[in-house]
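S.K.: In case you want the letters, here they are:
There are 2 protein chains.
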Amino acid sequence: MLNRVRSAVAHLVSSGGAPPPRPKSPDLPNSTSAPPAAPPQAPRSPPTRAGSGTAAPAKTVEARASFSRPTFLQLSPGGLRRADDHAGRAVQSPPDTGRRLPWSTGYAEVINAGKSRHNEDQACCEVVYVEGRRSVSGAPREPSRGQGLCFYYWGLFDGHAGGRAAEMASRLLHRHIREQLKDLVEILQDPSPPPLCLPSTPGAPGSSDSSHLVGPQSCWSSQKEVTHESLVVGAIENAFQLMDEQMARERRGHQVEGGCCALVVVYLLGKVAIIVRNGEIIPMSREFTPETERQRLQTLGFLKPELLGGEFTHLEFPRRVQPKELGQRMLYRDQNMTGWAYKKIELEDLRFPLVCGEGKKARMMATIGVTRGLGDHNLRVCSSTLPIKPFLSSFPEVRVYDLTQYEHCPDDVLVLGTDGLWDVTSDCEVAATVDRVLSAYEPNDPSRYTALAQALVLGARGTPRDRGWRLPNNKLGSGDDISVFVIPLGGPGSYS
Amino acid sequence: MLNRVRSAVAHLVSSGGAPPPRPKSPDLPNSTSAPPAAPPQAPRSPPTRAGSGTAAPAKTVEARASFSRPTFLQLSPGGLRRADDHAGRAVQSPPDTGRRLPWSTGYAEVINAGKSRHNEDQACCEVVYVEGRRSVSGAPREPSRGQGLCFYYWGLFDGHAGGRAAEMASRLLHRHIREQLKDLVEILQDPSPPPLCLPSTPGAPGSSDSSHLVGPQSCWSSQKEVTHESLVVGAIENAFQLMDEQMARERRGHQVEGGCCALVVVYLLGKVAIIVRNGEIIPMSREFTPETERQRLQTLGFLKPELLGGEFTHLEFPRRVQPKELGQRMLYRDQNMTGWAYKKIELEDLRFPLVCGEGKKARMMATIGVTRGLGDHNLRVCSSTLPIKPFLSSFPEVRVYDLTQYEHCPDDVLVLGTDGLWDVTSDCEVAATVDRVLSAYEPNDPSRYTALAQALVLGARGTPRDRGWRLPNNKLGSGDDISVFVIPLGGPGSYS
Numbered sequence: 001m002l003n004r005v006r007s008a009v010a011h012l013v014s015s016g017g018a019p020p021p022r023p024k025s026p027d028l029p030n031s032t033s034a035p036p037a038a039p040p041q042a043p044r045s046p047p048t049r050a051g052s053g054t055a056a057p058a059k060t061v062e063a064r065a066s067f068s069r070p071t072f073l074q075l076s077p078g079g080l081r082r083a084d085d086h087a088g089r090a091v092q093s094p095p096d097t098g099r100r101l102p103w104s105t106g107y108a109e110v111i112n113a114g115k116s117r118h119n120e121d122q123a124c125c126e127v128v129y130v131e132g133r134r135s136v137s138g139a140p141r142e143p144s145r146g147q148g149l150c151f152y153y154w155g156l157f158d159g160h161a162g163g164r165a166a167e168m169a170s171r172l173l174h175r176h177i178r179e180q181l182k183d184l185v186e187i188l189q190d191p192s193p194p195p196l197c198l199p200s201t202p203g204a205p206g207s208s209d210s211s212h213l214v215g216p217q218s219c220w221s222s223q224k225e226v227t228h229e230s231l232v233v234g235a236i237e238n239a240f241q242l243m244d245e246q247m248a249r250e251r252r253g254h255q256v257e258g259g260c261c262a263l264v265v266v267y268l269l270g271k272v273a274i275i276v277r278n279g280e281i282i283p284m285s286r287e288f289t290p291e292t293e294r295q296r297l298q299t300l301g302f303l304k305p306e307l308l309g310g311e312f313t314h315l316e317f318p319r320r321v322q323p324k325e326l327g328q329r330m331l332y333r334d335q336n337m338t339g340w341a342y343k344k345i346e347l348e349d350l351r352f353p354l355v356c357g358e359g360k361k362a363r364m365m366a367t368i369g370v371t372r373g374l375g376d377h378n379l380r381v382c383s384s385t386l387p388i389k390p391f392l393s394s395f396p397e398v399r400v401y402d403l404t405q406y407e408h409c410p411d412d413v414l415v416l417g418t419d420g421l422w423d424v425t426s427d428c429e430v431a432a433t434v435d436r437v438l439s440a441y442e443p444n445d446p447s448r449y450t451a452l453a454q455a456l457v458l459g460a461r462g463t464p465r466d467r468g469w470r471l472p473n474n475k476l477g478s479g480d481d482i483s484v485f486v487i488p489l490g491g492p493g494s495y496s
Numbered sequence: 001m002l003n004r005v006r007s008a009v010a011h012l013v014s015s016g017g018a019p020p021p022r023p024k025s026p027d028l029p030n031s032t033s034a035p036p037a038a039p040p041q042a043p044r045s046p047p048t049r050a051g052s053g054t055a056a057p058a059k060t061v062e063a064r065a066s067f068s069r070p071t072f073l074q075l076s077p078g079g080l081r082r083a084d085d086h087a088g089r090a091v092q093s094p095p096d097t098g099r100r101l102p103w104s105t106g107y108a109e110v111i112n113a114g115k116s117r118h119n120e121d122q123a124c125c126e127v128v129y130v131e132g133r134r135s136v137s138g139a140p141r142e143p144s145r146g147q148g149l150c151f152y153y154w155g156l157f158d159g160h161a162g163g164r165a166a167e168m169a170s171r172l173l174h175r176h177i178r179e180q181l182k183d184l185v186e187i188l189q190d191p192s193p194p195p196l197c198l199p200s201t202p203g204a205p206g207s208s209d210s211s212h213l214v215g216p217q218s219c220w221s222s223q224k225e226v227t228h229e230s231l232v233v234g235a236i237e238n239a240f241q242l243m244d245e246q247m248a249r250e251r252r253g254h255q256v257e258g259g260c261c262a263l264v265v266v267y268l269l270g271k272v273a274i275i276v277r278n279g280e281i282i283p284m285s286r287e288f289t290p291e292t293e294r295q296r297l298q299t300l301g302f303l304k305p306e307l308l309g310g311e312f313t314h315l316e317f318p319r320r321v322q323p324k325e326l327g328q329r330m331l332y333r334d335q336n337m338t339g340w341a342y343k344k345i346e347l348e349d350l351r352f353p354l355v356c357g358e359g360k361k362a363r364m365m366a367t368i369g370v371t372r373g374l375g376d377h378n379l380r381v382c383s384s385t386l387p388i389k390p391f392l393s394s395f396p397e398v399r400v401y402d403l404t405q406y407e408h409c410p411d412d413v414l415v416l417g418t419d420g421l422w423d424v425t426s427d428c429e430v431a432a433t434v435d436r437v438l439s440a441y442e443p444n445d446p447s448r449y450t451a452l453a454q455a456l457v458l459g460a461r462g463t464p465r466d467r468g469w470r471l472p473n474n475k476l477g478s479g480d481d482i483s484v485f486v487i488p489l490g491g492p493g494s495y496s
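Protein chains in written order, with UniProt numbering: chain A, 1 to 496; chain B, 1 to 496.
Just so you know, these hints were derived from the structure itself, not from any lab. A few of these clues could be false.
The list treats identical chains as interchangeable, and a pair is accepted whether it falls inside one copy or across any two copies.
[As the list claims (entries may be wrong)] No more than 30 Å apart at the CA atoms, straight line, and that leaves these computed lysine-lysine pairs for BS3-like:
1) K344 with K304
2) K324 with K389
3) K389 with K304
4) K115 with K389
5) K115 with K360
All chains, full assembly: derive it from the sequences and hints.
M.R.: Put into structure tokens, the structure is as follows:
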């Protein structure tokens, strides 16, 4: 497994059903202390160290509530003011003179055009070292137990109703992932199948082997094959849940509102939003909206009608039903249908629909346009006490891209962007910009990826003209915060 | 719309959440009377008429309970006995001398090798005429209201725990589809967008137009575009529900057990399992099993734990958890996860898992290997009173293939088969047989499609050898009932 490079993209942009209690991690990351995870042994290629993450550590949530930008931007107080200027909207990138981001990653961002006081996007780029759990006795690990693991980590967080959730996630999510991976350090380095059962106290795995089976039922005559890859996927999935639960706990005290969407890349043991590879576009993530998640939302509303509080109907109608239309027949679809059919309008159908609207105007409970994310624990339906959170899912969709299956050239890149980029830029336009910018630089010039990130941000922002920010085609540019990572898939050299 | 040929494949092989009450159709098909829908005006190409469907009409459910084969096989009493012979397993096709099946469709079937007393597959191939609803006054329709619609229909039904559900579905499902389409006859022939709302009494549609909108919410500032195609999809979806509800009603009296999977093709206004087109394989359906529907089943069990009756856990484990492992940590995944993670084993985890096993041995509630279907209203967990039906879905997955988008040659076919075919035959093997058999016949010889269906059934059955039915590679052939339709995509001539 160590000989293969694998990565996972966990994409959570805006899942139903309250999640079950997660297994608690014995030493959860703490939002009020400790610096980001430092890699005690630097990975092979760039001289990266910890601290390229976001915001200064060792502060409480309240202390950092004002305004912060990723520390890897190395902004001075004056630079921070310029980054916060809605009129100038200067594009920010890490300084040429500073330490490069891990893996020669390019990054650029720009603040919104006045949509919110501060930039509600946040970003994190880290190399994280995972040490295996201590043995049962609590004694330091023996050298024979093998080395720890390193993973590369990129995260973009698009906050709404405030920047706090995005800031917290950018600072802590990778540490939750690290915690979840601690159990797996030895397992992932062992080519044999993962043990199905571990002893009760964290320690040496595999003491309870998986070979004995019970049950006369034929469906238990064999055991499931569980791959190493699916363990990493499960670790990332659980980390998102634990991050969201931590937000719930810490928010209760601080009355912090808001939430965020998250787009995260984990490069571990050699696998990895859109990939542009040899001109070909490979989408690695998709949006979670009331439209794309309609059936999940409707199913939850149908099975748990109390969550609709008598205010909403789980049925979808192509437009609002009017009282005078009672008894007529209107097109509708329920949680199981992909087509439309007519139904006789009854009193209940006059309630507001759980899901309504199209495109950027699609809304869940007439309130929110994203259906997966972290935070939003206090979000209620407008002028109501009905909570939105049960319908929001903090579960990511994890996709795995095996970097070893293709020999990547220096122009093959993974582009991560927040809504500010994708609202006004198509996949094809991104691919064209990739081609245009990268071909203007030498293949071995590492600054080309920062230049590309800047070009993508500029291309989505536009220039101030005709009372607004306009693109060359005179359409409106994005007035949202825009943040972009460009990750060269050639990566840190060899994947072996 | 009439100028385009469209078809839909509704595939329901082995969905969660009890369905909401469907809008009742004023004149539901009746299982105890009335012949199959007859096309008063024959469609343009082959001289097809009604009556090519299954089993003689005008009999009660009890009367037909013994044993029946599709009427289009035109079996004499002796022929019926031979078709029912598990030892000889003679392949049955419609007689050469008889009337051809609509659209030169090929068909072949063979009984199982002793798995059940009778052949529990059923088939239906019909041309169905849909007359629009009568006007409000109840007077006959005026000629100016336009003509009715015809659709071609093929259905394969794979019964389990008896053949009654399959037999009932083969006789009635297309009539439920016809009922659902009655509302749409005029709408589908009108190129303008469908009316969103119809007057309360069935009659002339569109009297209540869709232009007025209400609501200050931005998500209601526009109305949904609803396509004609999605209306047909919705009609098929509702027809499946109504079929299942009819089974529930009629079973209550007759104590009929069992259920069936359904694979149905509807060709309407010119769109249409696997398509072999120019050697290319296009799968048009997928299996619904405890494995492929794990997350749907787990979500229902999680949101409605009472359905698990304290006997099952909604969590999946890679093997059965043993009491002595309490307190240890076992791999698991819940309704949201695609990966696996470790959790501490608690008492509840010792319950039997909702979903277990792999491949053909995968079972839901340790009882059934299919998760969508019609019927099974009385099915209970083995040695328990817990009902299975809430987890079974009668919702089909409808896929639309536009026949007009490609100029099909005589060798392009759609192959529908029951489990008996697909358990032992891969898509590629089917494609190879298509190529081999069709190339041995003149392109305009209509008997080639029957020959192909027979070859596919024979290839899956094998020959009796070494105490079993064996394939040329000496592997076991299918001991299940095998039924195959071969539909030439060149179709009834022109689609225009």
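S.K.: For every hint, state whether the structure bears it out.
M.R.: Outcome of the hint check:
1. K344 with K304: both (23 Å within a copy, 28 Å between copies)
2. K324 with K389: neither (33 Å within a copy, 38 Å between copies)
3. K389 with K304: Result: close both inside a copy and across copies, 14 Å intra and 19 Å inter.
4. K115 with K389: Within one copy only: 24 Å inside, 51 Å across.
5. K115 with K360: within (16 Å within a copy, 55 Å between copies)
Comparing the model with each numbered hint stated earlier shows that hint 2 is the single one that does not hold.
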